[in-house]
Amino acid sequence: MKINVRYFGQFRDITGLTEEEIETKDGVTVIELRDQVREKYPRIAAKREVLVAVNSTFTSLETVITPEDKVAFFPPVSGG
Amino acid sequence: MIFIQREEADRKAITEMVQTTASGCVVQFVGVVRDNSEGKEVSNMTVEVYEEMARKQLEDISAECKEKYGVQEVAIVHRYGEFKVGDELVFIAISAGHRNEAFKACQYFIDELKQRVPIWKKEVNLDGSYWVEGEKRE
Chain S
1 MKINVRYFGQ
11 FRDITGLTEE
21 EIETKDGVTV
31 IELRDQVREK
41 YPRIAAKREV
51 LVAVNSTFTS
61 LETVITPEDK
71 VAFFPPVSGG
Chain Y
1 MIFIQREEAD
11 RKAITEMVQT
21 TASGCVVQFV
31 GVVRDNSEGK
41 EVSNMTVEVY
51 EEMARKQLED
61 ISAECKEKYG
71 VQEVAIVHRY
81 GEFKVGDELV
91 FIAISAGHRN
101 EAFKACQYFI
111 DELKQRVPIW
121 KKEVNLDGSY
131 WVEGEKRE
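Chains S and Y, in that order, give the protein sequences.
Each residue of the first sequence is one higher than the last, beginning at 1 in our numbering.
Each residue of the second sequence is one higher than the last, beginning at 1 in our numbering.
Careful, some of the hints might be misleading.
For each label pair, taking beta carbons as the anchor points, the in silico distance ranges come out as [to be verified]: (1) P42/S x D60/Y: 30 to 36 Å; (2) K2/S x I2/Y: 46 to 52 Å; (3) E67/Y x I31/S: 42 to 48 Å; (4) K40/Y x D35/S: 31 to 37 Å; (5) D10/Y x I31/S: 41 to 47 Å; (6) G70/Y x F58/S: 54 to 60 Å; (7) G70/Y x P42/S: 47 to 53 Å.
To be clear, the hints were calculated from the coordinates, so they are not data collected in a lab.
Just so it is clear, CB atoms sit at the ideal spot from N, CA and C, and this is done for glycine as well.
Isolated chain S (complex conformation) (with noise of 0.2 Å):
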């Protein structure tokens, strides 16, 4: 199945995407898609945090993804 992903903050320039759609296996949990990211693009995977919002939460690593939750990978957040 297909996972629209998107990125913010300096995975945007990392990845010079805001958003793609990412084909991965039927159950897909956070933690795996997360790897699968880190793989894709080795300047993520150096970053000492990686963060996922699932429905603009920060869910479980378990939790499982379908291809209708909105999906977003960023570092720690420096609002403020």
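Chain S is already provided as a structure; the job is to place chain Y on it using the hints.
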């Protein structure tokens, strides 16, 4: 009351919005762009936001402030776009019957914002530009 916008906050109007007849105080926080970061000079700053998620997180933090500290109204303005030294990035206004709960809620709000609201700063100086590394969440 959540405002994610390019424009500077109208602090007077926001303060009037949160104040109720039962308010004994309104505590305000203004976050501004400073001219240095980790020993390096800063001339300008870009702020990027994941708006949909930021709005949800800010709504959650506002609700938590009311629940934890019993404050009356909470308003937050967070700006995005291009900024220079001295510009106002953040404005928080919290009304309460008494000052203690309002001060505590304001501290809680800005601390949580820096941990979980998806906003990122890119600082610019003579050497170029670089993303600010946020604090670790876990």
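Can you name, in rising order, the numbers of the hints this structure does not satisfy?
2, 3 and 6
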